[in-house]
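Please construct the entire structure, taking both the sequences and the accompanying hints into account.
Line order of the protein sequences matches chains A and B. The letter at position 8 of the first sequence is residue 8 when you use this note's numbering, and the numbering goes up by one with no holes. The letter at position 79 of the second sequence is residue 79 when you use this note's numbering, and the numbering goes up by one with no holes.
The hints are simulated quantities; they were obtained by calculation from the structure and are not laboratory data. One or more of the hints may lead you astray.
To be verified - With a straight-line Cα cutoff of 20 Å, these simulated EDC-like cross-link-like pairs (lysine to aspartate or glutamate) come out: (1) A:Lys226 with A:Asp239; (2) B:Lys165 with B:Glu177; (3) B:Lys89 with B:Asp309; (4) A:Lys351 with B:Asp309; (5) B:Lys302 with A:Asp239; (6) B:Lys296 with A:Asp171; (7) A:Lys238 with B:Glu144; (8) B:Lys191 with B:Glu304; (9) B:Lys133 with B:Asp121; (10) B:Lys245 with B:Asp121; (11) B:Lys220 with B:Glu304; (12) A:Lys113 with A:Asp171.
As the list claims (entries may be wrong) - Below, a sample of chain A positions facing chain B; criterion: calculated Cβ distance under 7 Å: (13) Ile52; (14) Val143; (15) Ser284; (16) Phe346.
Idealized CB from N, CA, C, for every residue including glycine.
What follows is each chain in one-letter form.
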Amino acid sequence: MKTGFFKKPSAQTLVSSLICIAAGLLVGFIILTIINPSGSAQAIGTILGNFITRSSGPAKLKAFGNTLAKTAPLLMCALSVCFCYKVGLFNIGAAGQYEAGACAALFCAISLKLPWFVCLIAAALAGALLGSVSGFLKAYRNVNEVISGIMLNWITLYLTNMVLSNPAIKDPASPYTQGLSSANPRSLLPSLGMEKLFANNRYVTIAIPLAVLIAVLIWVVLEKTKFGYELRATGFNKDASRYAGMKEKKNIIITLALGGALAAVGAAFLFLSGYQQWSTTQTSVPGMGFNGIAATFLGGLSPIGTIFSSFFIQSITDGGALINRSLYPAEISDLISAVIIYLCGFVLFFKTVMNASIAKREEKKASKAEGGKA
Amino acid sequence: MVLLLQYTIIFASVLMLVALGGCFSEHSGIINLGLEGIMVVGALGGALIMNLLPANTGAFMMVVITTIAAVVFGMLYSCLLGVAAIRFKADQTLIGTAMNMLATAAATVFVSAFNAARNPDNTSSTLQYISQKNAFIIRIAGFEFNWFMLLAVILLGVSWFVLYKTRFGLRLMACGENPQAADSVGINVKKMRWAGVLISGALGGLGGIVYILAGVSEWKFEVGVAGFGFLALAVMIFGQWKPTKIAAAAVLFGFFRALSNVYTAFPFLAGLGIPSTVYNMMPYIISLIILAFTSKNSKAPKAEGIPYDKGMR
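In structure tokens:
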């Protein structure tokens, strides 16, 4: 007997994610209609279409490139959360590790005038350090990683603002850090000619293929290696894995350090592309880490799935900026993403319902078949 | 000096209210990471009502109606956590994070639309309550006494009494420690957890309106509540989930926040050259250190964060 499509766990995950997306978009559409019914259909189309709705071919390509440039850091944050979640750790500290990455990368780039790959490594180390603080506290001091992560998010935010406010790094006329193209062009990520493909969009850099490559790598490590197996076993049952001879304390620290490095490299991917500068007066933790949580769960907790979900979330965010601002606020896309991540909490329930309805149908079929024989 | 005292007391009131809210929720067994979001929604409710009430409303009515609005908005919003975490056994960390993201986005969208509906040229996310704010304040020789300071102290007493001296409070705490045992003696665990979540919504919403009334007379909803919900979480942990210790922690953390706002007014402190970011960081650093040394025998409710499953023993 062949197994039905909906019985496969991966298919169920996909269906659940699509339900979340559809429901999120529906909520967004309803709110848009309440605000102003005349343009709501067009607005939701713009949010979904993002760069496709741009007027000319090159403009489309350029906007597509911008979305990709911001998808790379988001994907890295999502991978950080995803990797840690597979080991049973909720890395809400990804946001703080992202800040640490931005801090280290920009410090090395602007103050020390180092080339891009050194900045990238510095970011990874800073994130790993911060992650291992959470890991150490979890492994040896029994501090929940969610709580230490939240505290470290804020500590790192203020620390980053302080470090990057240094007159050698900050632009004297604005709250932002100096632009990399003038301060130190060597620190900009190379594009390897990819910018030509996106109508000379210089923000399209090696960050994008690298992020996808890392996603595949994470999948391979988790699913195909002994190391990944040990980590997942630790997440599944800490005590059983210790009994089986695995070093669970070491595994927790390594996991959070690696997760920290991933999120921090994500920040380096964004800030070293020159797309954005760090605002030294920001008073809230940047949303990238939290959006990473959204992308992780929408991607069905799979490194490969997060590639697509990260792109989707970034694309609707950028699409939101394109809607008619005199009619609707751009934050409508944040609202849609938030509804989607809220609904992701119900995925377990969706799956239970799916399994129950499959079981019911099969039972019916079986009793019918039996009835035919009798 | 007076300003420092005033800010310390009002920030401490905010932190205490929200942390007490978190305390009720966690004692019932539900981790409420969405406090930040609940504060935003409570602040939105209060600010909207203040904006809509006619200017000649009496001061007493103004305070009462605004308070009720903030509490009701907070409670309604906390239902999102209740439904997901209690009814559908969702991951509480995920839901809390989603609620924080949703609150800021929804409040911004709502206020922008609200402003635009009244004046098409105004699409900002700012609500003003300049004249209305006076209803909450009595000026005593440079010190701005806020009615919410008194309310916070009263609610502290009430919370302590309810948690330790009433049947309801003890049952609530039983559900956070060992829900299976509580169930076996006839306590309705789901109902108790709903009560915990709703109380946290009420206190969180109240904290939100107190916060946006603390210093300014207009609020830009794009910025949320600048991490006060998370700071309250730190207060709750630092206070070991006990109302009296939470009050002490709130005063300490409120003092640091106040310092970061007004330290430039003190020649001595300004002379030290410590940037305000350091004062902002202090509460989080202190809590993290305290956590590192006390978590081995943590006072956290034992069953918090675990969905209640009747079949599990």
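Verification of the hints:
Straight-line distance between C-alpha atoms of Lys226 (chain A) and Asp239 (chain A) comes to about 18 Å, which keeps the hinted pair within the 20 Å bound. Distance hint between Lys165 (chain B) and Glu177 (chain B) is fulfilled; the C-alpha atoms sit about 17 Å from each other, no more than 20 Å. Distance hint between Lys89 (chain B) and Asp309 (chain B) is fulfilled; the C-alpha atoms sit about 9 Å from each other, no more than 20 Å. Taking the CA atoms of Lys351 (chain A) and Asp309 (chain B), the gap is near 18 Å; set against the 20 Å cutoff, the hint holds.
At roughly 18 Å between alpha-carbon atoms, Lys302 (chain B) and Asp239 (chain A) fall within 20 Å of each other, so this suggested pair holds. A C-alpha spacing of about 46 Å is found between Lys296 (chain B) and Asp171 (chain A), which places the hinted pair above 20 Å, so the restraint is violated. Restraint check for Lys238 (chain A) and Glu144 (chain B): the C-alpha separation of about 54 Å exceeds 20 Å, so the hint is violated. With a C-alpha separation of about 15 Å, the suggested pairing of Lys191 (chain B) with Glu304 (chain B) holds against the 20 Å cut-off.
For the hint pairing Lys133 (chain B) with Asp121 (chain B), the CA-to-CA distance comes to about 25 Å; that exceeds 20 Å, so the pair is violated. Restraint check for Lys245 (chain B) and Asp121 (chain B): not satisfied, since their Cα atoms lie roughly 49 Å apart, outside the 20 Å limit. Between the alpha carbons of Lys220 (chain B) and Glu304 (chain B) the distance comes to roughly 34 Å, so the proposed pair goes past 20 Å and is violated. As the CA atoms of Lys113 (chain A) and Asp171 (chain A) are separated by approximately 15 Å, the hinted pair is consistent with the 20 Å bound.
Look at Ile52 (chain A): its Cβ only gets to about 24 Å from chain B, farther than 7 Å, so that hint breaks. Nearest Cβ of chain B to the Cβ of Val143 (chain A): about 5 Å, under the 7 Å cut. The hint holds. Interface restraint check for Ser284 (chain A): the shortest CB-CB distance to chain B comes to about 6 Å, inside 7 Å, so the restraint holds. Evaluation of the Phe346 (chain A) hint against chain B yields a held restraint, the C-beta minimum of about 5 Å falling below 7 Å.
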